[in-house]
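J.: Chains as they are written, first to last, in the numbering used here: chain A, 1132 to 1329; chain B, 1132 to 1329; chain C, 1132 to 1329.
Any given hint could be a false lead.
Copies of the same chain look alike in the list, so a pair counts if it fits in one copy or across any two.
[Unchecked claim] The list that follows gives simulated cross-link-like pairs (lysine-lysine, BS3-like), each with its CA atoms no further than 30 Å apart: (1) 1250 <-> 1194; (2) 1154 <-> 1173; (3) 1320 <-> 1192; (4) 1173 <-> 1192; (5) 1192 <-> 1154.
Just so you know, these hints were derived from the structure itself, not from any lab.
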Amino acid sequence: MKFILTGVPGAGKSTICSKLVEKTSDIHIVNYGDMIFEEAKKLYSNIIQAREDTRKLPRKKYKDIQIEAAKKISLIEGNVIIDTHMSLKTPYGFYPGLIPETLHIIQPDGIIILEFNPKDVITRRERDRATGKRLTRDRESEDEIVLHQQVNRMYAISYSAINQCYIKIIDLTWPQEYEFQHTEFAAEKILQLLNFRI
Amino acid sequence: MKFILTGVPGAGKSTICSKLVEKTSDIHIVNYGDMIFEEAKKLYSNIIQAREDTRKLPRKKYKDIQIEAAKKISLIEGNVIIDTHMSLKTPYGFYPGLIPETLHIIQPDGIIILEFNPKDVITRRERDRATGKRLTRDRESEDEIVLHQQVNRMYAISYSAINQCYIKIIDLTWPQEYEFQHTEFAAEKILQLLNFRI
Amino acid sequence: MKFILTGVPGAGKSTICSKLVEKTSDIHIVNYGDMIFEEAKKLYSNIIQAREDTRKLPRKKYKDIQIEAAKKISLIEGNVIIDTHMSLKTPYGFYPGLIPETLHIIQPDGIIILEFNPKDVITRRERDRATGKRLTRDRESEDEIVLHQQVNRMYAISYSAINQCYIKIIDLTWPQEYEFQHTEFAAEKILQLLNFRI
């Protein structure tokens, strides 16, 4: 089974991935952004030094790299979680994280959308900031996070319509009773999906 | 004219179809799920006994059957209403009811989305349950029905963007003054669409 | 850079385009509807007299004309703003303003969505009506304008998913402190997009 795992940045997606690895050995977690960066460095070592540099490539070259990374993912056997973004929020607007061509190559069984309470996202990001992480990113209001999550849902459904796969919304907007309850809950839900044979 | 008619299960779509047949003889109503089931039985008689079994087929085979059923629909002349679902709600998430290929074959003039008041949907489903219908289906909360209707809207618009057709939302969320007022209203709206020459 | 500029009718899109031209000479503003009308008149001079007549053409012919107009736009160099609609609201439902083929030809860098406060839209339309403009158009309620803006967002995201481009939502729902503050604000935002090199 192959699932694309998405959620707004800084909300807890990586923690959920770590929890998944803790719970099962039968899983490969790949970070699509990292793979794109690796491909880009190989092909354009003169331009690409940092992760952000990949976005500076001309659209056609960026697309070719996305496709190369997708081909690598398609070769991984067993359960694969592709950690990526439905859309990137930039000063120039939202930019889709996937393209029909890469979906066609990866042939995911489904897209998992983690939906968080905007208040929780802000708290978590502030904590990261206090410990020196996420320093370069802009602060977002609750409304902006709500909008980004809505936009992500629409992208996910568009991709599902184009390339017929499941859309699983994991709702994490309810108040936690203890720390990492959302992490635990989401990891369990994802395991259930992996154990399902479509 | 060919229209795809959609709405959440157990809300009154079939009743609206019956009303349409009462009002005009110049109409063919086809149930896409039934047609897929018929095709599947013919090709895989060993696996497919019940309607639900079709979803157990491998994705590629399921797709081929969807395409075969779409070809049959494309051959029907005159006014055709294709009774189907924009998305199926499963424990594994929402699954699209159509694919770009089938839309391309059917070439619908439009997609009609019946949108109901979640309270009405729950009441209707409970009544069905009391009379022995829908016993195997899960109960849904109002929020879940709201979400499913939102998701269906997004699928419909994605399909319309891919294959350029009208999207007609028929709003049935207002309170009825008498029984079957929604049925009557929706049937009239659909007749108006059929009489329109695009 | 090429941007598609969209917003519900009668809300102030043309005024924003005029402001853009005032602010920079390095810009071409093309009205996609006008270009489609010109193409249609050339090819079907017997049928097409008024702008509305283009929609009476059979779907295949209308599509060919959309494609011809898109090819012309693709040849314009420099900064291009394509003034058009994400979807047309008709008595038969919403109809998409673009098709995957035309997007593929135009290759826009992004789609700009102007989102207005429904109250402002109604006020502006009434003012137009008082001066003899928009007389043939139906009056819309706030809810209807809200719905049309939501539908437009979904279309924009579907197109972005299909043809990978930015989606920039320019929020103009806040109360103006002086007349044409929204116009000024939107024009500035669009200029920023044009000065950005993707």
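J.: Run every hint past the structure and note whether it holds.
T.: Hints, verified against the model:
1. Proximity of residue 1250 to residue 1194 under the C-alpha cut-off of 30 Å is found in neither arrangement, the shortest distances being 35 Å within a copy and 42 Å between copies.
2. In this homomeric assembly, residue 1154 and residue 1173 never come within 30 Å of each other (Cα to Cα): the closest approach is 34 Å inside a single copy and 43 Å across copies.
3. When the C-alpha separation of residue 1320 and residue 1192 is checked against a cutoff of 30 Å, the pair qualifies only between copies, where the shortest distance is 28 Å, while the shortest distance within a copy is 37 Å.
4. Taking the shortest Cα distances, residue 1173 and residue 1192 sit within 30 Å of each other inside one copy (13 Å), while across copies they are farther apart (39 Å).
5. Taking CA atoms no more than 30 Å apart as the test, residue 1192 paired with residue 1154 passes in neither setting, with 38 Å inside one copy and 33 Å between copies.
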